[in-house]
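FYI, the UniProt record's numbering numbers position 131 of the sequence shown as 131, with every residue one higher than the one before it.
Think of the hints as simulated: they come from the structure by calculation, not from any bench.
Ideal Cβ placement from N, Cα and C applies to all residues, glycine included.
Accuracy of the hints is not assured; some may be wrong.
Simulated restraints on C-beta separations [said to hold, decoys possible]:
id, residue 1, residue 2, range
1, 47, 21, 16 to 26 Å
2, 53, 6, 45 to 55 Å
3, 61, 88, 18 to 28 Å
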Amino acid sequence: MARFNIRAPKPAGPVSPVTTAGPRTRTHLGGKGHARDDRSELFLLAVADFVSQQTHHESGTSRDDRFVTLVRKLAVEDPSWTAGLLAWLRGDGRMRTASLVGAADRHTFGGLTDAAFRMVPLLESGRDAHWPWED
Numbered sequence: 001m002a003r004f005n006i007r008a009p010k011p012a013g014p015v016s017p018v019t020t021a022g023p024r025t026r027t028h029l030g031g032k033g034h035a036r037d038d039r040s041e042l043f044l045l046a047v048a049d050f051v052s053q054q055t056h057h058e059s060g061t062s063r064d065d066r067f068v069t070l071v072r073k074l075a076v077e078d079p080s081w082t083a084g085l086l087a088w089l090r091g092d093g094r095m096r097t098a099s100l101v102g103a104a105d106r107h108t109f110g111g112l113t114d115a116a117f118r119m120v121p122l123l124e125s126g127r128d129a130h131w132p133w134e135d
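Assemble the whole structure, with the sequences as input and the hints as a guide.
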């Protein structure tokens, strides 16, 4: 029965949607790092962004500009993914300000396409003073 005396294969670990793009690079402090693709960069910035708040390595204005630049770029390159991210931020992500700032900029910059009109309900929900689950 030795043939049954084997270790079970380890289950696969979680897979992150955040991916790197291209070569290794250096971090702000000079450590080893990786460049991220635009989607991963926008996702991480959106979930960790406190609008106009300075961080240790970046001013609030610089972060806001980087956020808007990424939203504008991805609104043109991949409008459905951008709309989905912004809707997720406002809904299940429970992120109010980043989703509204991104949706307003994406709606304005993205042009008058069908995908842009998906942002209208998200912008209108921002008029309410309460969170979506507080009816």
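Each hint, compared with the structure:
The hint said 16 to 26 Å for the Cβ distance between residue 47 and residue 21, and at roughly 19 Å that hint holds. For the hinted restraint 45 to 55 Å between residue 53 and residue 6, the CB-CB distance of approximately 53 Å keeps it satisfied. Checked against the hint of 18 to 28 Å, the pair residue 61 and residue 88 passes, with Cβ atoms roughly 26 Å apart.
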